[in-house]
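Full structure from sequences and hints, please.
Quick note on numbering: the sequence shown equals residues 0 to 263 in numbering that gives the first Met the number 0.
Do not rely on the hints blindly, as some may be mistaken.
Stated by the list, open to error - Here are the computed distance ranges between Cβ atoms for each label pair:
{"#": "1", "residue 1": "VAL205", "residue 2": "VAL37", "range": "36 to 44 Å"}
{"#": "2", "residue 1": "ASP32", "residue 2": "HIS199", "range": "29 to 37 Å"}
{"#": "3", "residue 1": "GLY227", "residue 2": "THR125", "range": "34 to 42 Å"}
{"#": "4", "residue 1": "ALA225", "residue 2": "ARG173", "range": "20 to 28 Å"}
{"#": "5", "residue 1": "SER15", "residue 2": "ARG114", "range": "36 to 44 Å"}
Note that these hints are calculated values from the structure, not bench results.
Think of the CB as a built atom: it goes at the ideal place given N, C-alpha and C, for glycine as much as any other residue.
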Amino acid sequence: MVPTSSPYAAMDPVASLVASMPPAYPQIFERRDIAEHVHIINARGSRRAHAAEWRQLPGGTAIVCVIAEDVPGLLSLVSAAFVSHHLDVTSAQIFCRPTSRGVEAIDFFWLKRARPSRLPHLIDSTEIDSVSRMLDELVGEESQARVLAVQELERVAPELPVRPRVFYDTRALRRGEVILNVVTPDRPGLLLAITLSFAHQGLEVVASEVRTDQGVASDRFTLRDANGGTLTANRLADIQRQIIQALKTEALPGTAGPITPEYR
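What follows is the structure, encoded as structure tokens:
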């Protein structure tokens with residue numbers, strides 16, 4: 000890979016993309032991957048949001064790249080669009096970068112068909128095209144219209160009882176970061192439930208790691224106040240409670256540790 004400090008970086012679209020992205024991005028993806036990402040990003044054009052299939056994996060998993068204006072609640076809009084198309088997120092990598100048009104989100108989602116569903120197991124490219132059109136419309140709506148649209152889409156998310164475990168990364172808290180961990184049995188619409196709660200609480204997701212292994216979702220979200228305010232101890236505790244409430248649909252107790260539990 001051409002070093003980002005090289006004078007040739009400006010002429011190399013791969014190096015230019017790497018230079019604009021967080022340090023974790025080139026550690027996760029190889030040069031060939033990034034070259035493919037450049038084409039997807041450029042395909043956004045003047046649209047507010049664009050989604051495209053990047054890879055098809057064995058077993059029916061599709062990796063989809065979403066490029067969009069980093070509007071408040073973007074992750075919940077993306078999650079709602081997936082749920083409405085009977086698509087479930089099994090993993091995700093979330094990035095943002097500054098551009099001349101403003102902050103741009105470049106996110107990658109590992110998707111599988113949500114169950115139960117009457118749709119085919121394999122995800123068709125036309126479905127991703129439909130997701131892309133829906134996202135462009137949602138991101139282009141005014142703030143209140145986006146909220147109403149997400150609430151309407153939320154109705155299609157299945158409701159299953161879960162026992163979530165929600166806790167903060169205390170090492171991150173000590174260095175001034177707020178990273179919330181959510182460990183819970185996986186279910187369709189899980190990411191939508193979490194991100195909707197964040198949006199309703201006036202929180203922005205700066206970064207996230209979404210993983211599902213043997214039916215258990217282990218998600219990490221780096222959070223900040225959407226208005227730049229301080230997340231106090233009371234606010235952190237309330238965020239925990241709200242996330243647990245968002246995840247449980249019956250009178251099942253969620254298990255929230257203290258704000259500063261022992262980090263494992």
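Results for each hint:
Judged by the Cβ atoms, the range 36 to 44 Å given for VAL205 and VAL37 is violated: they are separated by roughly 24 Å. For the pair ASP32 and HIS199, the supplied restraint of 29 to 37 Å holds, since their beta-carbon distance comes to about 35 Å. Between GLY227 and THR125 the C-beta distance comes to about 41 Å, which sits within the given range of 34 to 42 Å. In this structure the supplied range 20 to 28 Å holds for ALA225 paired with ARG173, their Cβ-Cβ distance being about 23 Å.
About 41 Å separates the C-beta atoms of SER15 and ARG114, a value consistent with the hinted range of 36 to 44 Å.
Comparing the model with each numbered hint stated earlier shows that hint 1 is the single one that does not hold.
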